[in-house]
Amino acid sequence: MQIIVFLIVLSLLVAGGFLFAFFWAVKDGQYDDDMTPAMRILFDDETAIKESSHEEDNS
Amino acid sequence: METVQTVQTEKFSYDNTIVRNFGIATVIFGVVGMLVGLIAALQMIFPELNFGIQYITFGRIRPLHTNAAIFAFVGNGIFMGVYYSLQRLLKARMFSDVLSKIHFWGWQLIIVAAAVTLPLGITSSHEYAELEWPIDIAIALIWIVFGINMFGTILKRRENHLYVAIWFYIATWVTVTVLHVFNNLEIPVHMWKSIPVFAGVQDALVQWWYGHNAVAFFLTTPYLGLMYYFLPKAANRPVYSYKLSIIHFWALIFIYIWAGPHHLLYTSLPDWAQSLGTVFSLMLIAPSWGGMLNGLLTLRGAWDRVRRDPKLKFMVVAVTAYGMSTLEGPLLSIKSINAISHYTDWTIGHVHIGTLGWNGMLTFGILYWLWPRIYRTELFSVKLANTHFWLGTLGILFYAIPLYWAGWTQSMMWKNFTVDGFLAYGNFLETVTQIIPMYAIRAIGGTIYLLGVFIMVYNLWKTASAGSLARNVEVEAPPREKHVRHKGEYWHKWIERRPIQMLFASTVLVLIGGMVEILPMMLINDNVPKIESVQPYTPLELEGRDIYIREGCLGCHSQMIRPMRSETERYGEFSKSGEFIYDRPFLWGSKRTGPDLHRIGEKYPHSWHYNHFLEPESMSPGSIMPPYPWLFDQDINTSYTASKIKVLKTLNTPYGEDYEDVAVAELQEQAKEIADELREQGIEQENLEQKEIIALIAYMQRLGTDIKVQ
Chain A
1 MQIIVFLIVL SLLVAGGFLF AFFWAVKDGQ YDDDMTPAMR ILFDDETAIK ESSHEEDNS
Chain B
1 METVQTVQTE KFSYDNTIVR NFGIATVIFG VVGMLVGLIA ALQMIFPELN FGIQYITFGR
61 IRPLHTNAAI FAFVGNGIFM GVYYSLQRLL KARMFSDVLS KIHFWGWQLI IVAAAVTLPL
121 GITSSHEYAE LEWPIDIAIA LIWIVFGINM FGTILKRREN HLYVAIWFYI ATWVTVTVLH
181 VFNNLEIPVH MWKSIPVFAG VQDALVQWWY GHNAVAFFLT TPYLGLMYYF LPKAANRPVY
241 SYKLSIIHFW ALIFIYIWAG PHHLLYTSLP DWAQSLGTVF SLMLIAPSWG GMLNGLLTLR
301 GAWDRVRRDP KLKFMVVAVT AYGMSTLEGP LLSIKSINAI SHYTDWTIGH VHIGTLGWNG
361 MLTFGILYWL WPRIYRTELF SVKLANTHFW LGTLGILFYA IPLYWAGWTQ SMMWKNFTVD
421 GFLAYGNFLE TVTQIIPMYA IRAIGGTIYL LGVFIMVYNL WKTASAGSLA RNVEVEAPPR
481 EKHVRHKGEY WHKWIERRPI QMLFASTVLV LIGGMVEILP MMLINDNVPK IESVQPYTPL
541 ELEGRDIYIR EGCLGCHSQM IRPMRSETER YGEFSKSGEF IYDRPFLWGS KRTGPDLHRI
601 GEKYPHSWHY NHFLEPESMS PGSIMPPYPW LFDQDINTSY TASKIKVLKT LNTPYGEDYE
661 DVAVAELQEQ AKEIADELRE QGIEQENLEQ KEIIALIAYM QRLGTDIKVQ
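As you go down the protein sequences, you meet chains A and B in turn.
So that you can map any letter, position 16 of the first sequence is 16 in the numbering used here, and since no number is skipped, the others follow by simple counting.
So that you can map any letter, position 628 of the second sequence is 628 in the numbering used here, and since no number is skipped, the others follow by simple counting.
By construction, these hints were calculated from the structure, which means they are not laboratory data.
The beta carbon of each residue, even a glycine, is placed where N, CA and C say it ideally should be.
A few of these clues could be false.
[Stated by the list, open to error] In silico DSS-like cross-links for lysine-lysine, where the CA-CA straight-line distance does not exceed 27 Å:
#1 B:415 <-> B:335
#2 B:576 <-> B:530
#3 B:462 <-> B:101
#4 B:649 <-> B:530
#5 B:530 <-> A:27
#6 B:243 <-> A:27
[What the hints assert, rightly or not] Some but not every residue of chain A turned toward chain B, in silico, with C-beta under 7 Å:
#7 3
#8 4
#9 7
#10 16
#11 22
#12 26
#13 34
#14 41
#15 43
Next up, chain B with everything else stripped away, as it sits in the complex:
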């Protein structure tokens, strides 16, 4: 015991200000994100709730809602939890206060940029990666700042052992970096428009490889790290099995990255790739449930405290929701179940069990635990926290159950045939109006959940004003044992002790990563079966397609007809991978609030589309699609048409030589043809051929016609 005297302890402090800042941002953007979600939910019942303003139509605020919920609310929640736990687990202050500040303000600026650009219709249309290229670059830079700050702290740690939570944080950082870079490989046309390097089925695969891993490595692994830290802390007892937590971590990260293709079952993606996604998704049940049980069993023998302590209640519901959605996810990845669930509200119900239940409830639990601690006081009101808990839990149930019901009902209606072999509900709209009451209950569920969050805001506000923020917490700890170099030491050990060299090495690695970005360019000349009759889009169709992207049409309409009788009867020939080789980006969509549009081309006269976009209910009474009057006022922007053609040519789209020079002229010619036909059909409008609606109609009429069976 004499040796104890030789160990000198070092004095240092923990930075609580940064934790508090990320905490406030979490709460603010939680409220904002959920409020936007509620507006979107109400618009599905009352389409007129966009007040005729293009910036707040459903198609544009849906990505605003998803981005705010994922990257602003959960994102800030991750950073709050990581900055608190990392310092304490490693017995070290964050590597650099300046980097912490840059990270915080940089991330908030990115969120503001998203909140401005998405309503303006600036979007790449890749789900959960909608932000355009300048913001993508900003995200990459801030993410690297976060990485340097985290790895720097790990290197100067005083505790040799890396607690399991830290492993989850590391895996998050590494994987999100790779995902973000590869799903955002795009060539800029101008400041706010880019064209992805991958096309059609390849773009779809990369996107959903990203999309699923965004769920895995942004919504799941960092929050598992938080669970492994904050749940034991709040319960004041060690995790049930540390061994199990280690197995949970390694098994989870090795399997997760392969599950993406389950988003593309029954699409034009090759079957074997679909099966790969299914198999790995099913395997995920094991580690996920291992983690859930580990969380819940941590509370063994303490269930009496759960009854009294709202923090623990929140965490129990969160971990249970994690278990439910990680069982449901693999089940939805089985083809026969996916055939029913895909494109319906079932999926929306499923993801909200994850976000409202797992991410939301865990965040609230952590906030209730953290706020009194950093403000050196007691929670203002346990009673209000309990009220919040019940509102939150009820809100989730009122949100999800109607959507499960709606999804199942609608899918059954889509697939129902009469005894004579006709579709029982040939009019798609019937299957929509049927479930509107469910949408109403869902909106009520969302309101209840949000009400709980408002109560939390008040409670945390009162807690903060009763206490005072302990900005820097003075602590002391012995330094990490100096490692004596021994024979056969790993080179990694050497580099680990040298933060500067480590930073240099990681920069080199990032640069290599940057060079690897160029590699896929060589791979884009792929061997998707080519179909002779499939031709590139005309300039006018191309501009129409970009309006389709801008308005977020794919939020409600798919362009992927699955090879099932119920689909081919309703929509026409099923979609072939060769039809999409010029689709940059792919626009398959993932939800059918309206019908599939892949074979809409030439189905109706131009005037039908004209009237339908002006007033959907004039063509489909009872439709919940909003009107798009601004498409009739705004002129087609042709100033970038030539640059778009040029970029597409560099990506091997076979436009003729110097085609960009005649593109605008050809665009105007085709616009005039369509405008003339519209006039023949009795439409009267001044300067009709210059309006955006013409481009959109051109695109609609082209869709799926390349191989249309006459």
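This is chain A alone, in the form it adopts within the complex:
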């Protein structure tokens, strides 16, 4: 069953990659703010742009 050793090593490598990504994300400040990202996605597309330009028209 050497294959299982191989799979475990491979899985650990993948998991290690993800762990590295996790540390990067924390260090990068990706998770410093856990409120606004959830809101921001609601305002990121074309309709939002239209609305903001509309506001500019008003001003």
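For this one, chain A is given, so just place chain B on it according to the hints.
Relative to chain A, chain B alone:
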């Protein structure tokens, strides 16, 4: 506030054409995949529905159905959702329009290749990885194109924060790459036939490590990413807890990759590996339910809108189905429950809660939200969408409940003993005919579900023709803040700012991955307990085995007798790992619509098999196995026998020196022996010894006889 003036916004556009293209492909292949599934379901009630055409027998269209549903329908659904959300989340157009186009057309060509080769019987027999090696390579290339396009977009993003959905997309890409490569390590015999490097129990472990993670990282993680984007968008409110979504993501991907062995409980896989699968599967309940609750609670305070808005209804049912199947999955991974459920229709019911419920309903919800947006119009008919919702939901219930019932009923019948200690239903067929009414209701459920999809096609068609596609949406956004290099900066930061270097680095990594592929070759000389009497297959048996693979026999027959009294009484001695060391690929199967075949060898005379393959009902009245008349017309193809032997020898199968030179002669000799015996048993057919049926009978009669207790 003065600083605001110094920020220059950049003008750019989002590519909607590619989103629309993937959307159309999703719908088309959804219809095709489900239609093939419906035909397969009907064939289980009326075997004659293959009209005697070999290309559309159940064994061949079952993989066509699963591949179409997973890789064509859900696959295109993933790309549709990713290409829409990624651009908006990152405030950037896709990295390259050319790559987008290559990705789209490449993927559709792969699907067409699958739709041609699978009915032709060109299959590796690894479930959900049936496609042969040239298509495997094409998939790898197109997947890399997708990766470059996605990571390129991430690098040129204008938004520093990577929203949780993007993390799910990244994990999908990375893991599917690894899975695809390692489960498809095979040596080509010719253009459309390859032999896997792993054998028997090792092949089984790699296959189900892949198989389960295909569910995890193709059907689940990308769709969770889509849920985290499209559900808040459709509800127009932020996700319940962003913090929880982050925990959901990291916990899920760390645990998921270990769960595979739960597909092999009670098999010849070592016990400790089975337990590993069980433990990790049970742990998965926590992150999965965290994700489900996060999705559902996003709608807190908006349930009145769910009542009115069909999009949200679809999404609610999808997320609920996700929760149900991720609770059921871990429960099925407990050995005592698996002892009942495995090999039965329970599993089929379970996976369809996942695909029809979670993937299907979420896809429909997204399509209803997306189509009017990119076509700049209103949805043609909310009423029809509501009708679709109810047909879809009812269809799922009518599909799954009969199969749960059927699975439970059949399993109880298999395990039932009389007071005298005999099997209460010694004839396997009794346990099949018992559940045919359930199969009929399942087919009705599938029809209802498909009917809903047709209504959606009409609705989306009318919506599209009422509007006009906004191909490129002009937007503007400030550039991403330039990062000031500071002391102790991560090297990754440096590389992140340099897309070209990043691409170079990833290519190098992929090449290293390619070299790692050679490594397992050194590991194949394993220490599975060898059994002295287990010998390699003869050339004729080998050709028969390949016919068994071509016809997709393992779609209905297992070759793995579990160590339980109900199984050893019915089939014979339970299967040992040492018996499979020459099985490339392993053919344990995962479903018993017919009986297990591991100890079928020498159980019946050759003539029984001859008559049974010609007309199953002549030997087993009421059988739902289709006849295989073409095996009696087609000659055994011996042109690749020698090359197969050669490949097997490079994989350490102990055939004698220069055996490939005498292989065909030996094949013909054994074929003649079997044909002569058949003639003695009263079978008359011209050129009998040249026909495929002889090879298949040779294989059937060999199965499980190496250690047969006389």
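Hint-by-hint comparison with the structure:
Between residue 415 (chain B) and residue 335 (chain B) the CA atoms are separated by roughly 16 Å; this keeps the pair inside 27 Å, and the hint holds. A distance of roughly 10 Å separates the Cα atoms of residue 576 (chain B) and residue 530 (chain B); the hinted pair therefore holds under the 27 Å criterion. Distance restraint check for residue 462 (chain B) and residue 101 (chain B): the Cα-Cα separation of roughly 26 Å lies within the 27 Å cut-off, and the hinted pair is therefore satisfied. With a C-alpha separation of about 18 Å, the suggested pairing of residue 649 (chain B) with residue 530 (chain B) holds against the 27 Å cut-off.
Of the supplied pair hints, the one linking residue 530 (chain B) and residue 27 (chain A) is violated, its CA atoms being roughly 51 Å apart against a limit of 27 Å. Distance restraint check for residue 243 (chain B) and residue 27 (chain A): the Cα-Cα separation of roughly 16 Å lies within the 27 Å cut-off, and the hinted pair is therefore satisfied. Here the hint on residue 3 (chain A) is kept, as its CB sits about 4 Å from the closest CB of chain B, short of 7 Å. Given the 7 Å rule on beta carbons, the hint for residue 4 (chain A) holds: about 6 Å separates it from the nearest Cβ of chain B.
Annotation: residue 7 (chain A) was flagged as interfacial toward chain B, and the flag holds, the nearest CB pair being 6 Å apart, inside 7 Å. At its closest, the beta carbon of residue 16 (chain A) sits 11 Å from a beta carbon of chain B; the interface hint therefore is violated under the 7 Å criterion. Taking 7 Å as the C-beta contact cut-off toward chain B, the hint placing residue 22 (chain A) at the interface holds, the least distance being around 6 Å. Given the 7 Å rule on beta carbons, the hint for residue 26 (chain A) is violated: about 10 Å separates it from the nearest Cβ of chain B.
With its C-beta approaching chain B no nearer than about 5 Å, residue 34 (chain A) sits inside the 7 Å limit, and its interface hint holds. Interface hint at residue 41 (chain A): satisfied, since its Cβ lies 6 Å from the closest Cβ of chain B, which is below the 7 Å cut-off. Given the 7 Å rule on beta carbons, the hint for residue 43 (chain A) is violated: about 10 Å separates it from the nearest Cβ of chain B.
When held up to the earlier numbered hints, the structure conflicts with 5, 10, 12 and 15 and fits the remainder.
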